[in-house]
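Numbering of the sequence shown is given in the working numbering, commencing with residue 489 and proceeding in unit increments.
Treat the hints as calculated values from the structure; they're not laboratory data.
Heads up, some of the hints might be wrong.
In silico SDA-like links for lysine to any residue, alpha-carbon gap of 25 Å or less [stated by the list, open to error]:
{"#": "1", "residue 1": "K615", "residue 2": "A528"}
{"#": "2", "residue 1": "K594", "residue 2": "K614"}
{"#": "3", "residue 1": "K594", "residue 2": "Y550"}
{"#": "4", "residue 1": "K614", "residue 2": "D573"}
{"#": "5", "residue 1": "K594", "residue 2": "D542"}
{"#": "6", "residue 1": "K543", "residue 2": "R555"}
{"#": "7", "residue 1": "K543", "residue 2": "Y589"}
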Amino acid sequence: MPLFHHSRKQFSFRETWIGEIGIAAILVLAEGIMGTGIMAMELENWICDMANGDKEGLRQFYEETARSVYSFIFSVLKDPHESEDVMQETFLAVWEHAGDYVPYGKPLAWVFTIARRLCYMRLREKKRQETLEDGEIVSHTVTISICPTFSSNVI
489 MPLFHHSRKQ FSFRETWIGE IGIAAILVLA EGIMGTGIMA MELENWICDM
539 ANGDKEGLRQ FYEETARSVY SFIFSVLKDP HESEDVMQET FLAVWEHAGD
589 YVPYGKPLAW VFTIARRLCY MRLREKKRQE TLEDGEIVSH TVTISICPTF
639 SSNVI
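Please construct the entire structure, taking both the sequences and the accompanying hints into account.
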């Protein structure tokens, strides 16, 4: 039976290729293809730990996901400083709303949703600041949803 039966058309593995990259790389590839796996379970466990106030869970979650989250944010904002700020806001929101996370096997999708919404908020704010004329003050309240189960009033 092939290693990736459902993806046979997309991937053909040769024994020499498997020997070169090693079984660990295949497991990482399999996790990416199949969507869930040990990594997703670990991430969900760390989110659960964060919901219980465990800072070590946050540290481990951050170390494992920071590169992917930053890359995603940077791909949207195209500014390293803005990307760093939004990344901090993203992990702060993950920490604060870890108890709202509903495990469904895709914890990074939840984190990327938070990051995407924060990116869009940042882009809207930047556009609003660029279009304001000098001396004009605009004050209004907007309800924004950062993560699927969280709403906040922003002034």
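Legend entry - K614 paired with D573 [C-alpha distance capped at 25 Å]: Holds - the C-alpha atoms of D573 and K614 are around 13 Å apart, at most 25 Å.
Legend entry - Agreement of K543 and Y589 with the hint, judged by alpha carbon distance not exceeding 25 Å: Measuring from Cα to Cα gives roughly 17 Å; hence the hint holds.
Legend entry - Pairwise hint evaluation, D542 against K594, where the allowed Cα distance is 25 Å at most: holds, 21 Å
Inset, instruction - With a cut-off of 25 Å on the C-alpha distance, tell me whether K615 and A528 pass. - result: violated, 36 Å
Inset, instruction - Mind checking the alpha carbons of K594 and Y550 for me, to see if they're no more than 25 Å apart? - result: holds, 16 Å
Legend entry - Proposed proximity, K614 with K594 (alpha carbon, max 25 Å): Outside the cut-off at roughly 31 Å; violated.
Inset, instruction - Take a quick look at whether K543 and R555 sit within 25 Å of each other, Cα to Cα. - result: holds, 19 Å
In this structure, the hints that do not hold are numbers 1 and 2, in rising order.
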